[in-house]
Amino acid sequence: MYDVYQIKKDFPILQRPLNGKPVVFLDTAASAQKPRQVLEKMRQIYETEYANAHRGSYTFSEQITSEFEAARRTVQLFINARESREIIFTRNATEAINLVAATWGRVNLHSGDEVLISQAEHHANLVPWQNICKMTGAKLVVFPIADDGSFLKEEYDKYLNNRTKLVSVTAMSNVLGTIFPIKEMAKAAHSVGAKILVDASQYAAHSPINVQDWDCDFLAFSGHKTYGPTGIGVLYGKAEILSLMPPYQFGGDMIEKVTYEKTTFADIPARFEAGTAASVQAIGMAEGLKYMLSIGMDNIASHEQKLTTCATARLLEVPNLKIVGTATEKGGVISFDIKGIHPQDIAFVLNKENVAVRTGHHCAEPLVNRMGYTSLARASFGLYSTKEDIDSLVAALLKAEKFFRED
Amino acid sequence: MDIEELIDNFAFFENWEEKYQYVIDLGRKLEPLDDKYKTDEWKVKGCQSQVWLVPDFREAHIHFYGDSDAILVKGIIAIVLTIYNDKTADEIKNVDVLGIFAKLGLEENLTPSRRNGMMSMVEKIRLYAENAE
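Residue numbers (the working numbering), protein chains in the order written: chain A, 2 to 408; chain B, 1323 to 1455.
Take the hints with a grain of salt, since some may be wrong.
Here are the computed distance ranges between Cβ atoms for each label pair [said to hold, decoys possible]:
(1) 295(A) x 1337(B): 43 to 49 Å
(2) 1452(B) x 366(A): 53 to 59 Å
(3) 1380(B) x 400(A): 39 to 45 Å
BS3-like mimics (lysine-lysine), calculated; alpha carbons at most 27 Å apart, straight line [stated by the list, open to error]:
(4) 159(A) x 135(A)
(5) 340(A) x 1341(B)
(6) 400(A) x 1351(B)
(7) 1341(B) x 403(A)
(8) 184(A) x 291(A)
(9) 1415(B) x 340(A)
(10) 340(A) x 1446(B)
(11) 403(A) x 1446(B)
(12) 159(A) x 188(A)
(13) 353(A) x 1367(B)
(14) 353(A) x 400(A)
(15) 9(A) x 353(A)
(16) 239(A) x 188(A)
(17) 1415(B) x 22(A)
(18) 1360(B) x 1425(B)
(19) 400(A) x 388(A)
(20) 340(A) x 1365(B)
(21) 1425(B) x 340(A)
(22) 10(A) x 340(A)
(23) 388(A) x 22(A)
(24) 1425(B) x 1351(B)
(25) 340(A) x 1351(B)
(26) 258(A) x 291(A)
(27) 340(A) x 403(A)
(28) 1365(B) x 1446(B)
(29) 239(A) x 184(A)
(30) 1415(B) x 1446(B)
(31) 291(A) x 239(A)
(32) 353(A) x 1341(B)
(33) 400(A) x 1446(B)
(34) 388(A) x 9(A)
(35) 1351(B) x 1367(B)
(36) 353(A) x 1351(B)
(37) 1341(B) x 1358(B)
(38) 1425(B) x 353(A)
Since the hints were derived computationally from the structure, they do not count as laboratory data.
Quick reminder that beta carbons are idealized off the backbone N, C-alpha and C, glycines included.
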């Protein structure tokens, strides 16, 4: 039994009224709220065993190093990687993707090569490739999705060819909610000799990940979307690929031996973690992952699926509302437009009613334009979202629609 | 309508609904901007919605035309233009826009976090005034 009301009690921020009314937080896709387990763990580290990880030879340093490396193993477990050294801590998913572009891309992309992405990518999985393609002479190719946001296998297959060196795709669109068939896409990419990177930023908070089953070469996601702190993210890479990649940031902790003339670099993962690690954030991130695992990723997925189905039906009550992104395979993200009302105007009234939604191009401007808009409103669900949240959303939208109606 | 009149009108509203219905009305009555100006050239950057601002230098005074695809922003533009329109560059420089918005009870529209770009618009008006000198 999934007791969402009990779960919600773990989130202090969702218990606090704002201007005397409860908060209806429907922007989890942008960043999730944090359970007290994460907050308490981070506080405990700072209060009882904080020092720089991987540095000193005293108790605090040994304790935090051990917790930091345990966090790496928790991430390994969360995505079912073969080894913990395949987990590299970064600042966020954006930095993880940039790392691949700046190191793997710089070495492996040449003039005539192609990088294939979908029309549904976040700027974080588009702009780094635009940039590295410009530097290396490779070509960035974009395969189309359907008008309802669905993945089109025949289009993907058509764009894959023996010039494709890398496929870089989202596992779940942050605008449309579309879930992409990563396992099938990885198989097709490998059949033409390409590598595949998965942007799992959205997916990671919603459904179980299995990098061995998917057989993806790289995978990126962030801590703040998986109920952990900001400032920490993860790049997973197959050990045999990461081991051949050159470092791109240099400094402490990533070296093996340094003289004034020459440096040899440490093995993975340290080679890609130059400087003091965000150790407490990594430990907090692992605590967020453990929190999700304790509830069960399949249970979270099914809870959010129910909410998405419910909200999709209920939103039809709002006159002139159109949901953008109606693929059958879809997670807990609903973007919408109300004809004749700017999303920013909608969000203004929703905010007055304490309903938090995202508006704008959602860092996926070409995608929003491709769907025929310059701006959209988006409601998104998390493991703490309730049916009552949807009631409040619909009531606030009805109020907004009436507020701006011209008659 | 001048700004004093607007301040008087805003004093009567008892809740945000009334206040912003009036802002919407002001937006609907805003002097229209010719569609040919709705291009990137005249766009005010840093707004979540699309905002355009076009100056018309009339001897000593500057007249502004503006528009937005979001109606509340359009209403706020109407108020900003009521404050700034047909003034000299010097007069524009000396306007206490934050003070006026506070008197109107609309200061939440000028905070950076609202990101509706009204501050960018005000800065652009001031820049046009500076360059006109």
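Okay, the hints, checked on the actual structure:
1. Restraint check, residue 295(A) to residue 1337(B): a C-beta distance of roughly 44 Å satisfies the suggested window 43 to 49 Å.
2. For residue 1452(B) paired with residue 366(A), a C-beta distance near 32 Å fails the hint of 53 to 59 Å.
3. Against the hinted window of 39 to 45 Å, the Cβ-Cβ separation of residue 1380(B) and residue 400(A) comes to about 42 Å, which satisfies the hint.
4. Between the alpha carbons of residue 159(A) and residue 135(A) the distance comes to roughly 24 Å, so the proposed pair stays at or under 27 Å and holds.
5. Taking the CA atoms of residue 340(A) and residue 1341(B), the gap is about 24 Å. The hint holds against a cut of 27 Å.
6. Note on residue 400(A) and residue 1351(B): the hinted pairing holds, with a Cα-Cα distance of about 23 Å set against a maximum of 27 Å.
7. Under the criterion of a C-alpha separation no larger than 27 Å, the hint pairing residue 1341(B) with residue 403(A) is consistent with the structure, at around 15 Å.
8. For the given pair, residue 184(A) sits about 25 Å from residue 291(A) by alpha-carbon distance, which is consistent with the 27 Å threshold.
9. For a cut-off of 27 Å, the pair hint linking residue 1415(B) to residue 340(A) is broken: about 39 Å separates their Cα positions.
10. Annotation: proposed proximity of residue 340(A) to residue 1446(B) is violated, straight-line Cα distance about 31 Å (limit 27 Å).
11. Between the alpha carbons of residue 403(A) and residue 1446(B) the distance comes to roughly 33 Å, so the proposed pair goes past 27 Å and is violated.
12. Restraint check: the Cα-Cα separation between residue 159(A) and residue 188(A) comes to about 15 Å, which is no more than 27 Å; the hinted pair holds.
13. For the proposed pair residue 353(A) and residue 1367(B), the alpha carbon gap of about 26 Å is at most 27 Å, so the pair holds.
14. With a CA separation close to 11 Å, the supplied pair residue 353(A) and residue 400(A) stays within the 27 Å bound.
15. Using a Cα cut-off of 27 Å, the hinted pair residue 9(A) and residue 353(A) holds, with the two alpha carbons roughly 23 Å apart.
16. A threshold of 27 Å between alpha carbons decides the hint, and for residue 239(A) with residue 188(A) the separation of about 15 Å falls inside it, so the pair holds.
17. Annotation: proposed proximity of residue 1415(B) to residue 22(A) is violated, straight-line Cα distance about 41 Å (limit 27 Å).
18. Between residue 1360(B) and residue 1425(B), the direct Cα distance comes to roughly 31 Å. Violation of the 27 Å bound is thereby established for this hinted pair.
19. Proposed proximity of residue 400(A) and residue 388(A) is supported: the alpha carbons are some 19 Å apart, at most 27 Å.
20. Restraint check for residue 340(A) and residue 1365(B): the C-alpha separation of about 23 Å stays at or below 27 Å, so the hint holds.
21. A C-alpha spacing of about 34 Å is found between residue 1425(B) and residue 340(A), which places the hinted pair above 27 Å, so the restraint is violated.
22. Proximity of residue 10(A) to residue 340(A) is assessed by CA-CA distance (about 37 Å); at most 27 Å being required, the pair is judged violated.
23. Taking the CA atoms of residue 388(A) and residue 22(A), the gap is near 17 Å; set against the 27 Å cutoff, the hint holds.
24. Restraint check for residue 1425(B) and residue 1351(B): the C-alpha separation of about 22 Å stays at or below 27 Å, so the hint holds.
25. For the hint pairing residue 340(A) with residue 1351(B), the CA-to-CA distance comes to about 21 Å; that is within 27 Å, so the pair holds.
26. Taken as a hint, the residue 258(A) and residue 291(A) pair is broken in the structure, with Cα atoms around 36 Å apart against an allowance of 27 Å.
27. A threshold of 27 Å between alpha carbons decides the hint, and for residue 340(A) with residue 403(A) the separation of about 12 Å falls inside it, so the pair holds.
28. With a C-alpha separation of about 10 Å, the suggested pairing of residue 1365(B) with residue 1446(B) holds against the 27 Å cut-off.
29. This hinted pair checks out: residue 239(A) and residue 184(A) have alpha carbons roughly 15 Å apart, not beyond 27 Å.
30. Distance check on the hinted pair: residue 1415(B) and residue 1446(B) sit about 12 Å apart at the alpha-carbon level, within 27 Å; holds.
31. At most 27 Å may separate the alpha-carbon atoms for a hinted pair to count; residue 291(A) and residue 239(A) meet this at roughly 23 Å.
32. Among the hinted pairs, residue 353(A) with residue 1341(B) is consistent with the structure: their alpha-carbon atoms are about 13 Å apart, no more than 27 Å.
33. The straight-line distance between the Cα atoms of residue 400(A) and residue 1446(B) is roughly 34 Å, outside the 27 Å bound, and the hint therefore fails.
34. Note on residue 388(A) and residue 9(A): the hinted pairing holds, with a Cα-Cα distance of about 13 Å set against a maximum of 27 Å.
35. A hinted pair counts as satisfied when its Cα atoms are at most 27 Å apart, and residue 1351(B) with residue 1367(B) qualifies at roughly 24 Å.
36. Proposed proximity of residue 353(A) and residue 1351(B) is supported: the alpha carbons are some 24 Å apart, at most 27 Å.
37. Among the hinted pairs, residue 1341(B) with residue 1358(B) is inconsistent with the structure: their alpha-carbon atoms are about 32 Å apart, more than 27 Å.
38. Under the criterion of a C-alpha separation no larger than 27 Å, the hint pairing residue 1425(B) with residue 353(A) is consistent with the structure, at around 20 Å.
Hint compliance for this structure: hints 2, 9, 10, 11, 17, 18, 21, 22, 26, 33 and 37 are broken, all remaining hints hold.
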